[in-house]
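Required output: the full structure, derived from the provided sequences and hints.
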Amino acid sequence: GENVEQHPSTLSVQEGDSAVIKCTYSDSASNYFPWYKQELGKRPQLIIDIRSNVGEKKDQRIAVTLNKTAKHFSLHITETQPEDSAVYFCAATLGSSASKIIFGSGTRLSIRP
Amino acid sequence: EAGVVQSPRYKIIEKKQPVAFWCNPISGHNTLYWYRQNLGQGPELLIRYENEEAVDDSQLPKDRFSAERLKGVDSTLKIQPAELGDSAVYLCASSLDPAVAYNEQFFGPGTRLTVL
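Chains V and B are the protein sequences, given in the same order.
Heads up: the first sequence begins at 60 in our numbering, then just goes up one per residue.
Heads up: the second sequence begins at 1015 in our numbering, then just goes up one per residue.
No lab work stands behind these hints: they were computed from the structure.
With a straight-line Cα cutoff of 25 Å, these simulated DSS-like cross-link-like pairs (lysine-lysine) come out:
no.	chain 1	residue 1	chain 2	residue 2
1	V	K130	V	K116
2	B	K1092	V	K101
3	V	K81	V	K117
4	B	K1076	V	K159
5	B	K1092	B	K1076
6	B	K1025	V	K101
Which chain B residues face chain V? A few, computed with CB under 7 Å, are given here:
no.	residue
7	T1045
8	Q1055
9	G1056
10	P1057
11	E1118
12	F1121
Beta carbons: idealized from backbone N, C-alpha and C, even for Gly.
See the structure below:
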């Protein structure tokens, strides 16, 4: 079946450095790619998303890039802060359906002080 | 505005017992989702409702799981009987009219189920 692969599973960076999380998807019809942040014991929350007609999107310290040809997309966090520590999930729509998304397995990001 | 509400937050039961989870979506959200999240994994869709209709239940283990969304608002997910492998966090999410593309899904806090 269709899936989304996410790497790395854990990532530790020094405070102030950048963090990059990468995902690949298998369904060439996928057209929407949200990223969710889940702090320990809390609900997943959308932090940024990108549509297939856009190659890059930025929101303050967070940016996402999409390469449709290679079917991969990445999350970039710059100037990391302690509050960025969480599990991050990438996701992709199944086909062009806006309502069904498949999640990656998550990346546990730790920011070292 | 209140977010997605779920109850209970935690549930511990013995195997073979029944269990039910309740979800109240954000007011006005037509689409409701139930996900299961195993430890260290991303959420996996169990069932999706558009109003009161289950439009995608392909991943729901129908031999023991059932769900309903009467009147297209609140929803209940039931497991009967529960097995050890059902231990997980059960997340409910909701989003606006599916006719609107790229709807953000808003998640509830989840119910952490432990089956002993």
